[in-house]
Amino acid sequence: MAAGQLESGATASDRRRKLMDKFMTGVAYFFTFIAIAVLVWVIAYVIIRGISVWSPAFFTENTALFGDGGGIYNAMYGTFVIVLMAIAIGVPMGIMAGIYLAEFGDNRLGDFVRFIADTMAGIPSIAVGLFMYGLLILIMGWNAFAGACALAILMLPVVARTTEGIIRLVPGEIREASLALGLPQWKTMLRVVLPTAAAGIITGAFLAVARAAGETAPLIFTILGSNFFNSNPMEGAMAAVSLYVYQASSSPYQAVQEAGWGAALVLLLFVLGLNFIARAIAFTQKQN
Amino acid sequence: MLSALASRLNLLKQLRQGNFGDAVFKILAYFFGLFLLFITLFIMYQLLFQGVPAIREFGIGFLWSTEFDPVQQQFGALQFIQGTLVTAFISMLLAAPIGIGIAAFLVEIAPERVNRIVGFLVEMLAAIPSVVYGLWGIFVLAPFLRTYVEPWLIPVVGWIPGFEGPFRGYSVFTASLVLTIMILPTVAAISRNVLQAVPRDQREAMLALGSTRWEMFSKAVMPYAKGGVIGALALALGRAAGETMAVTIIIGNARRVFTSVFDQGATIASVIAGNFTDASGGVYISSLFLLGFVLFILTLSINVVARLLIRATSTGPTNPTGGF
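Respectively, the protein sequence lines represent chains L and Y.
In this text, residue positions in the first sequence follow my numbering: the first is 7, and each later residue adds one.
In this text, residue positions in the second sequence follow my numbering: the first is 51, and each later residue adds one.
Be a bit skeptical, because a hint or two may be false.
The list that follows gives simulated cross-link-like pairs (lysine-lysine, BS3-like), each with its CA atoms no further than 27 Å apart [stated by the list, open to error]:
hint	chain 1	residue 1	chain 2	residue 2
1	Y	Lys276	L	Lys24
2	L	Lys193	Y	Lys63
3	Y	Lys269	L	Lys193
4	Y	Lys76	Y	Lys63
5	L	Lys28	Y	Lys76
6	L	Lys292	L	Lys193
7	L	Lys24	Y	Lys269
8	Y	Lys269	L	Lys28
Bear in mind the hints are in silico, worked out from the structure with no lab data behind them.
Start from the sequences and build out the full structure, keeping to the hints where you can.
Next up, the structure:
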């Protein structure tokens with residue numbers, strides 16, 4: 007209707023305005039298309055190059071940064087151990103910090119902590135890596151534990167802020183019912199509020215872990231990288247998938263670069279997989 | 051001091067009432083909440099503390115010296131500050147129209163289902179690890195630019211100061227392009243939140259006056275959302291400045307001042323990551339720590355400004371990851 011009326015009284019200026027509108031709509035479509043095209047380009051390329059490197063030996067041999075490439079067995083072990091330790095350290099601390107923000111944070115101190123948590127999420131991971139080097143590596147030597155601590159620090163603000171958001175969504179009636187039954191605040195939190203909020207907290211934790219698993223910069227300063235299998239997280243250099251991709255990218259050997267693509271595909275699938283799981287949990291929760 | 055704090059938190063009262071569990075719960079919650087503050091300050095202190103030998107050696111002149119000579123043990127920061135700021139600003143300028151365009155598409159144009167799918171895809175762009183972008187950038191994007199983009203780009207912009215000289219694949223320009231991709235989701239996601247927070251009345255009033263969708267967006271929505279969108283851009287700028295792995299792999303790590311974006315360069319983050327394992331000698335390592343401190347302060351200040359802008363304009367809880 008409206009369009010028709012415009013048409014009937016169309017002047018040159020009206021046509022120009024409508025043309026401009028069409029043009030800018032096209033621009034918005036085009037920019038969205040660019041982003042999706044780049045995403046497809048990156049992911050498809052990594053899959054194609056990576057798959058061609060994959061073989062049983064690739065997953066059972068140790069890394070070899072010189073010569074013929076080798077596999078990523080020790081690097082996968084390293085990533086697995088470091089990420090597990092980072093979860094064990096970072097997630098409980100982040101949840102506690104989130105509880106603080108939600109339960110005791112409605113004052114100026116809480117606002118300040120919230121603000122710091124938000125800004126902390128933007129701190130370069132390399133700064134955290136340097137920090138860990140100065141704090142632990144200078145004393146203990148290269149070790150995976152320090153790497154896990156660095157990743158845990160990077161996870162903290164994300165877990166804390168998502169936990170806070172989710173706890174605030176828990177209906178007041180549930181909490182009040184529990185308190186009215188005489189349960190103390192901590193039991194109400196532990197037995198009633200946290201279980202209700204569990205799905206959301208786990209989603210946040212998965213997203214934080216996905217981010218940490220892909221991190222490379224902090225590992226340069228803590229685990230160094232290694233061509234050997236090292237099972238002891240408290241002592242000695244260790245390999246990790248993300249770190250290996252970095253090292254392979256600057257290798258002059260063709261075969262090592264190829265192995266780097268294989269490792270990149272492993273890393274990509276791991277990180278995207280964690281993201282998918284997180285979304286799936288959030289989605290099923292929303293359905294209920 | 052401690053007892054004042056305890057009384058402030060009502061701890062003694064709770065203990066007198068035999069409410070031991072709640073007192074412990076409160077102490078633990080406060081401890082981990084305040085740990086966030088503590089760890090931020092501790093990181094800053096540690097970087098500065100380890101940088102003290104370099105400060106003793108070079109003083110404040112470290113900031114504007116361009117020397118970087120491990121043999122002579124002479125170190126400066128200026129060329130790396132240049133690299134950081136140039137790459138971050140180029141990528142922000144490129145990501146701004148694209149990111150805002152995506153946000154506008156999602157909020158003003160796309161139907162609900164398309165919105166969800168596209169939102170998810172853009173989010174995937176943020177999930178890809180930095181090091182994978184680095185690998186792709188050096189082995190795919192850099193050769194692509196050399197083969198398909200250089201032949202027509204250089205004749206067009208080659209005469210402009212800052213774009214002169216030979217086109218290298220591993221360059222400040224390529225690094226900035228990859229950074230653009232990496233910060234795009236941040237710009238798009240936060241702009242989307244800000245645009246969504248613009249009241250409906252704002253749009254309906256404009257449409258009722260007979261405006262087109264573009265006129266509505268440019269004259270009624272954007273002015274309203276301006277502060278938040280600028281905040282999103284500032285946040286993306288901070289992220290670009292601190293981004294390490296992709297840049298380290300692509301930028302070529304030339305530790306000197308560059309005069310063309312098609313030349314190789316280095317950022318603060320890339321010089322630390324690229325040289326750390328070779329660094330020997332106290333002053334060398336200490337200089338890298340001092341560079342880390344400079345980077346920390348730089349990104350922290352950008353982030354504080356960004357957060358204040360976003361907080362002032364968008365409603366509802368802001369997601370620290372900038373996710374959808």
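The hints, checked one at a time:
| no. | hint | in the structure |
| --- | --- | --- |
| 1 | Lys276(Y) to Lys24(L) | holds, 24 Å |
| 2 | Lys193(L) to Lys63(Y) | holds, 19 Å |
| 3 | Lys269(Y) to Lys193(L) | violated, 53 Å |
| 4 | Lys76(Y) to Lys63(Y) | holds, 13 Å |
| 5 | Lys28(L) to Lys76(Y) | violated, 58 Å |
| 6 | Lys292(L) to Lys193(L) | holds, 26 Å |
| 7 | Lys24(L) to Lys269(Y) | holds, 15 Å |
| 8 | Lys269(Y) to Lys28(L) | holds, 16 Å |
In terms of the numbered hints stated before, the structure departs from hints 3 and 5, listed from lowest to highest.
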